[in-house]
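There are 2 protein chains.
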Amino acid sequence: MSDPKGKAAGSPDGAVPKAVVNRLSLYLRELQHLVRDGRETTSSNQLGRVLGFTDAQVRKDLAYFGHFGYPGIGYRCDELIRAIRKILGTNQQWPMAMVGVGNLGRALLGYKGFQQQGFRIVAAFDSDPHKMGSVIEGVQVYHLDSLPEITATNRIRLGIIAVPAAAAQAAADSLVAVGVEGILNFAPVTIALPEHVNLVGVDLAIELEQLSFAVANRGSAKSESAPKHSNEMD
Amino acid sequence: MSDPKGKAAGSPDGAVPKAVVNRLSLYLRELQHLVRDGRETTSSNQLGRVLGFTDAQVRKDLAYFGHFGYPGIGYRCDELIRAIRKILGTNQQWPMAMVGVGNLGRALLGYKGFQQQGFRIVAAFDSDPHKMGSVIEGVQVYHLDSLPEITATNRIRLGIIAVPAAAAQAAADSLVAVGVEGILNFAPVTIALPEHVNLVGVDLAIELEQLSFAVANRGSAKSESAPKHSNEMD
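Residue numbers (numbering that gives the first Met the number 0), protein chains in the order written: chain A, 0 to 233; chain B, 0 to 233.
Treat the hints with caution; some may be incorrect.
A short, non-exhaustive set of chain A residues, derived as facing chain B with CB atoms under 10 Å [unchecked claim]:
hint : residue
1    : L23
2    : F118
3    : V121
4    : K130
5    : G132
6    : V134
7    : E148
In short, the hints are calculated from the structure, not lab data.
Note that the Cβ used here is the ideal one computed from N, Cα and C, for glycine as well.
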C-alpha cells in the first residue's frame, strides 16, 4: 500500500524490506493477543501458524533485528513485544496532526486502533471556518494557518491526510513545510513529496481486490502445482 | 493486513501468495495511471521501477497467471489492465453491503476509490432506528432485519463491517448467515468466520507503524549489508 511517489517506507534504498516491517506489526498484534490471553511465552512455530507463515519465516524476519529467543523456552512475549515496539519506533508516543475533518477525518479521530499502538492525533486542521474551535473525540480543530505553531508546540512528526483528492497535494505541502517527516495519505490520489519525507498511501480498494480475487478464484486457485511456502508470502 | 482467523485471502492453502495478489493491485493502479497519461505500452522494468520492485519480480508475479508481454513491445497497457482485472475478479461489478453507518461508515460510503475499481456499496445496514430510511451518498440505510431480502435481491457477495468492536462478530455472523462470501472488517477486533468465508481485516495502525519505523530508523536502516533485492520486498 505504499505510494510509489516520495520515499516509501522500507523502499529498496533501505535495508529492511517493507514486507518484513509489515510482518513485525502482525507479530506484535498476535503477541499482544497472547499476553491478553495470559500466555507468557510462545514459539516461532506458534506465531507463524496463527498468521499463516512458516516458523522459518518468523525466525528470518526477527533475525534482521537481533536474537530474541531462548533455547527450550522460545520467545518471552513481553520481552518480544518491547523489542518489536522499539524496532517499529512505537516504544515512544507519536503525536500526529490530521488535515481534513470530514466524515473520514471524524472516523479516524474516533479510531481506537491508533492509540492502542502509541499513535495519538493531537490536533486536527481544516480550511472550513465553521469547523474551527470545535472539539471532536477530544481533539481540537484548528485552521490550517495554525499548523506551524501547533506542530512545533506538540513536536508533531507524523501527519494524516484525510481531505478530498483535489486538496491532498496542498495538504501534503503544508505538512512538509512545517517539518513533518512521515505522512499517511487516505486521499485516493498520488501525491509527490520530497525525498526525505516518508509516505504511506492507504488504498482501501486494494483490500477489496484481495477479497474479490479470493472469491472469484475459489477452487481454481487451489492448484497444488504452485509454491506453498514461498518467501513472498505475507 | 489479513486477519489470522477465518480463511484469509491467498492464505497458504491457496496457490497464489497473498503478496503477489497485492502487487497485482499495485501494477493495475500504475497501469491505470499510465493510460491516463496517454501511454499505450510499458515494460516490466518501468512498472517495477516506479513501484520499487525489480523487473524480475514483475515478470515472476505476472507469470503466475499467463504470458502477457510481446517481444520488442513489452506490455500493452489496456490489455494488461483487462487481464489483471479479470484475475482480480474486478472485470465484474461487486455489489456490496455495509453494516454500520457511523462516521466510518459514512466516510466509506463517500470513498471514491471503491467505485473506481468496480466495488459498489448498494445498501447500508444499521441497528439504530433513527438511521432507517435515510439515504447517504445515494445509498439507502436499512434495518439489519432487511439484510436477507436486500442481499438476495442485489446478489450481494461481499460485505463491509464498519461497526464498533463490540458489535463486529454479530455483524459478521449476520453477513455469513445470508451467504456473503467475503468480508472486509474495519472493526479493530479479531472476528471468527467459517472456513468458506474470506476475511480481510483492515488495521490502520499497521500503516502508521510502517511510517514510525521509517522515521525512527532513518539513517540507521540504510546499512549496505542487508539484502537489496530480496524476494520478500513488497
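Numbers of the earlier hints that this structure fails to satisfy, in rising order: 3, 4, 5, 6, 7
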